[in-house]
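All chains should be modelled from the sequences, with the hints used to inform the complete structure.
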Amino acid sequence: MFLQVKITRQDRGAFRLLWWKDADIRRTAKEYCLTVHPFGAVSSPFCANFALKTVDIFGKEFNEDIQVVVDKSFYVDDYLASIDNVQDATELAKAHGSLLRKGGSRLTKWISNCLQVLESIHPEERAEAVREIDFERLPTERTLGLFWNTMVDSFEFKVRIPKRPLTRRGMLPSVASLYDPLGLVALFILPMKQLLQRLGKLGLGWDEEIPNEESKSWLEILSEFQRVEDVSFPRCVLFPQSDRLLLELHIFSDASETGYGAVAYVRSYISDTEICSRLVVAKARVAPLKVQTIPRLELTAAVLAARMGYQLQSELDIKFAEVNFWTDSMIVLHYIRNEKSQFKTFIANRISIIQSY
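With the first letter of the sequence shown counted as 1, position 308 gets the number 294 in the working numbering; the numbers rise by one all the way through.
Cross-link-like lysine-lysine pairs, in silico, BS3-like; alpha carbons within 30 Å at most:
(1) LYS187 / LYS276
(2) LYS202 / LYS144
(3) LYS305 / LYS39
(4) LYS144 / LYS58
(5) LYS80 / LYS95
(6) LYS144 / LYS269
(7) LYS39 / LYS88
(8) LYS39 / LYS(-8)
(9) LYS(-8) / LYS16
(10) LYS(-8) / LYS88
(11) LYS95 / LYS58
(12) LYS179 / LYS276
(13) LYS80 / LYS58
(14) LYS269 / LYS149
(15) LYS187 / LYS330
(16) LYS202 / LYS269
(17) LYS149 / LYS187
(18) LYS269 / LYS305
(19) LYS202 / LYS187
(20) LYS202 / LYS149
(21) LYS58 / LYS269
(22) LYS179 / LYS269
(23) LYS80 / LYS39
(24) LYS(-8) / LYS7
(25) LYS179 / LYS149
(26) LYS95 / LYS39
(27) LYS202 / LYS276
(28) LYS269 / LYS187
(29) LYS202 / LYS179
(30) LYS58 / LYS305
(31) LYS80 / LYS(-8)
(32) LYS330 / LYS276
Simulated DEER-style distance windows between Cβ atoms:
(33) LEU188 / TYR343: 36 to 42 Å
(34) LYS149 / LYS305: 45 to 51 Å
(35) LYS80 / CYS262: 29 to 35 Å
(36) GLU77 / GLU17: 47 to 53 Å
(37) GLU77 / SER203: 50 to 56 Å
(38) ILE261 / THR153: 44 to 50 Å
Since the hints were made in silico from the structure, they are not lab data. C-beta atoms are modelled at their ideal positions from N, C-alpha and C, and glycine is treated no differently.
Structure, rendered in structure tokens:
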């Protein structure tokens, strides 16, 4: 994508390079200026994204909804959108292709969980796995680092644990081996981080072999970690059969001596007798090395929940009838509701953050 974005003439001097023919530095060097944004330049992602966001200037003949989707549905050069029905999805795919071509870009590697949408896209512009459509089974594709099973429309995870020595340095790659930006499997990763923290408290060196007891704990955690592949999460958090008039956001927070976290669910009222909840995002944190009381950790978890709620309401195009925050700590509830008492700095700062949302 970067090579599709021109550098303005007055800025090309910042992208100069010297070239010696045949790599012979005894010769006179030739000076070149790049005319397009190169890979590796710090400015390239921003400039490419800016060019993409301003592509609507080429699309005055397209309706405003299409231009809004272009503005909100891209992450650098990856486009993701969720559409209610086949007809709108098909029209949107065609319109986006035409709009972006006017801006010098071309959308390719299309994938969808709907066969009718894929059939409407030229085979050469589909993802390689669906150029020849298999009506029996759609593939699992990577979407912004996540594995998307398009057949059942769910997110899945693949575990690849690197073989490393049982040292702190050798254990770190396993902790970072799973990409999970939504925190869907945070409960599998948190025990790894907690064990690494305990090893740090023991004063072990980075390349020092860990004790037998911790080694057994690590192997048990890895065994449990591999079960991540047996878990899947529905991509869609809303239900087509729901009238969508009543959607609720519920965020839970909790803490223990070794960790704290928050998790958010969207609750849909499909009918008067049927209600369904879907996991949206979760966050899990290791408790600080400095020992904190459980009420303080519960309050910290509540701050995490408040920030999560604000972000979800800001980013999701969903009108929630209710937004509810849940904690099992009566002390935290007392902190938040108390507007008269003067608390110590740690507590007062966190109460202020929660109340600001």
